[in-house]
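Going line by line, the protein sequences match chains P and A. The opening position of the first sequence corresponds to residue 198 in my numbering, with each subsequent residue numbered one higher. The opening position of the second sequence corresponds to residue 198 in my numbering, with each subsequent residue numbered one higher.
Hints are supplied without guarantee of correctness; some may be wrong.
In this list, chains with the same sequence are indistinguishable; a pair is considered to hold if it fits within one copy or across any two.
Below are the DSS-like pairs computed for lysine-lysine, each with C-alpha atoms no more than 30 Å apart in a straight line [what the hints assert, rightly or not]: (1) Lys-340 <-> Lys-312; (2) Lys-340 <-> Lys-309; (3) Lys-340 <-> Lys-231; (4) Lys-231 <-> Lys-200; (5) Lys-340 <-> Lys-299.
Please keep in mind that the hints were generated in silico from the structure rather than gathered at the bench. On a predicted model such as this, the values are computed, not experimentally measured, just so you know.
There are 2 protein chains.
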Amino acid sequence: MSKVTVDYTDYFSGMIKRMREDGLLMVTSSADGKPNVMTIGWGTVGILWSLPVFVVLVRPTRYTYSRLEEVDEFTVNVPSKELAKAVLHCGTVSGRDNDKFKDMGFTAVQGKMVKAPIIEECIMHYECRVVHENDVIPEALEKTIINDAYPQGDFHRIYYGQILATYADENALQKLKS
Amino acid sequence: MSKVTVDYTDYFSGMIKRMREDGLLMVTSSADGKPNVMTIGWGTVGILWSLPVFVVLVRPTRYTYSRLEEVDEFTVNVPSKELAKAVLHCGTVSGRDNDKFKDMGFTAVQGKMVKAPIIEECIMHYECRVVHENDVIPEALEKTIINDAYPQGDFHRIYYGQILATYADENALQKLKS
Numbered sequence: 198m199s200k201v202t203v204d205y206t207d208y209f210s211g212m213i214k215r216m217r218e219d220g221l222l223m224v225t226s227s228a229d230g231k232p233n234v235m236t237i238g239w240g241t242v243g244i245l246w247s248l249p250v251f252v253v254l255v256r257p258t259r260y261t262y263s264r265l266e267e268v269d270e271f272t273v274n275v276p277s278k279e280l281a282k283a284v285l286h287c288g289t290v291s292g293r294d295n296d297k298f299k300d301m302g303f304t305a306v307q308g309k310m311v312k313a314p315i316i317e318e319c320i321m322h323y324e325c326r327v328v329h330e331n332d333v334i335p336e337a338l339e340k341t342i343i344n345d346a347y348p349q350g351d352f353h354r355i356y357y358g359q360i361l362a363t364y365a366d367e368n369a370l371q372k373l374k375s
Numbered sequence: 198m199s200k201v202t203v204d205y206t207d208y209f210s211g212m213i214k215r216m217r218e219d220g221l222l223m224v225t226s227s228a229d230g231k232p233n234v235m236t237i238g239w240g241t242v243g244i245l246w247s248l249p250v251f252v253v254l255v256r257p258t259r260y261t262y263s264r265l266e267e268v269d270e271f272t273v274n275v276p277s278k279e280l281a282k283a284v285l286h287c288g289t290v291s292g293r294d295n296d297k298f299k300d301m302g303f304t305a306v307q308g309k310m311v312k313a314p315i316i317e318e319c320i321m322h323y324e325c326r327v328v329h330e331n332d333v334i335p336e337a338l339e340k341t342i343i344n345d346a347y348p349q350g351d352f353h354r355i356y357y358g359q360i361l362a363t364y365a366d367e368n369a370l371q372k373l374k375s
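Chain P extracted, bound-state conformation (with noise of 0.2 Å):
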C-alpha cells in the first residue's frame, strides 16, 4: 500500500473512533533498534509551543516507558477495524516478553525522521519526537477519575510529542469509514 502524506489534522474525527473502538498502536525502538508496540486509548492531537504535538499517556509500570526513557521518540499508528484482534493482543502482553511484531506479522517500516519504525499495515501514522514530559498528579485529579483510572495508583507520565511526519494509506478515509 502506497502512503501519502497529510496533515497531521487531517483524517481527526476517524483517528479518534479508532482510539475510542479499538486502541491506536504506539511503536517505540529501544537504543539497538528493536520495535516495540503498546495499544493506547488515550491521547490528545493539537498546538503547543507552536508545535504540532500528540500527546499521550504511559504508566511507568509498562515496557514502553523504560523504553521512552532511553529513546525518546516514538510513532502513532491508526489501525483498521480488521487488526482487532491484533490491537487487543498488544495491549493484554507486554514486550518485555513478546516480540509482538512478530507475534502479529506487523512489518517495521523504517520512519523518515525517528528511529521508532511503523507499522505498514496500519492506515494512517504520526512520528513524534518528545519535546516535553509531566506527570498526572493525583491530588489535582477529579476523584471518579481516580476510582475509574488509577485502582493501583500507577499514575501516567505524559509525553508530548512533536509531530515531525504524518502519512497515510492513499484510501486512509474510505478505510477510517469503514
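Starting from the structure of chain P, add chain A where the hints point.
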C-alpha cells in the same frame, strides 16, 4: 445565528487553522458571574481517561488563571476571520482592567452545561469543566522551547477540560473555510 450540536471531533482542521492564524477565545466566569475572555494560541483535543477533553495552557500571571481557581469551568470559542482584530485585542489587554466583552461588543450567552458563557459571534463552541491540572516542568522541556516561549520564566499551568457540550453555527464548515 442558530447553533446546532456537533461532535467535538468535527471541524478539527478548521479549528486548528483558526487557532494557528489568529487564536481562539477562551472564556471564564468569576464566582459572581462576570465573564472574561482570553486569546489562546495553544491547545489540544482528544480522549483522556475515556473522556473527551480540550487541554489549554494558562500562565499563572494571567487574570484567567486566578479566575479558574475560583470557577473551574471554561468555554473555547472559534472566531471567524472577521473577528481578527477583536481576538488580537483580547490577547493584548488584561481583564483585570478591561471589560473585554463590552469593549468588543461580544454577546455572552449562558453556557448550557457550565457557568462560563459562550461568545455568540463565534462559529463553534466547546463547554469544558476542569478535571485535572498540572504544570509545564522546565527541567523536562526542550531547551529551544524554553528560550522561545518562556523568556520570563512564567511556565504555564495546563488545564484538562472535559468537554461537556460542543455546538456550532449551522454553516460552520463554510465559515471556517472562508
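Here's how the hints hold up against the structure:
| no. | hint | in the structure |
| --- | --- | --- |
| 1 | Lys-340 <-> Lys-312 | between (38 Å within a copy, 21 Å between copies) |
| 2 | Lys-340 <-> Lys-309 | between (42 Å within a copy, 24 Å between copies) |
| 3 | Lys-340 <-> Lys-231 | between (39 Å within a copy, 28 Å between copies) |
| 4 | Lys-231 <-> Lys-200 | within (23 Å within a copy, 51 Å between copies) |
| 5 | Lys-340 <-> Lys-299 | neither (40 Å within a copy, 38 Å between copies) |
The structure is inconsistent with hint 5 alone, although it conforms to all the rest.
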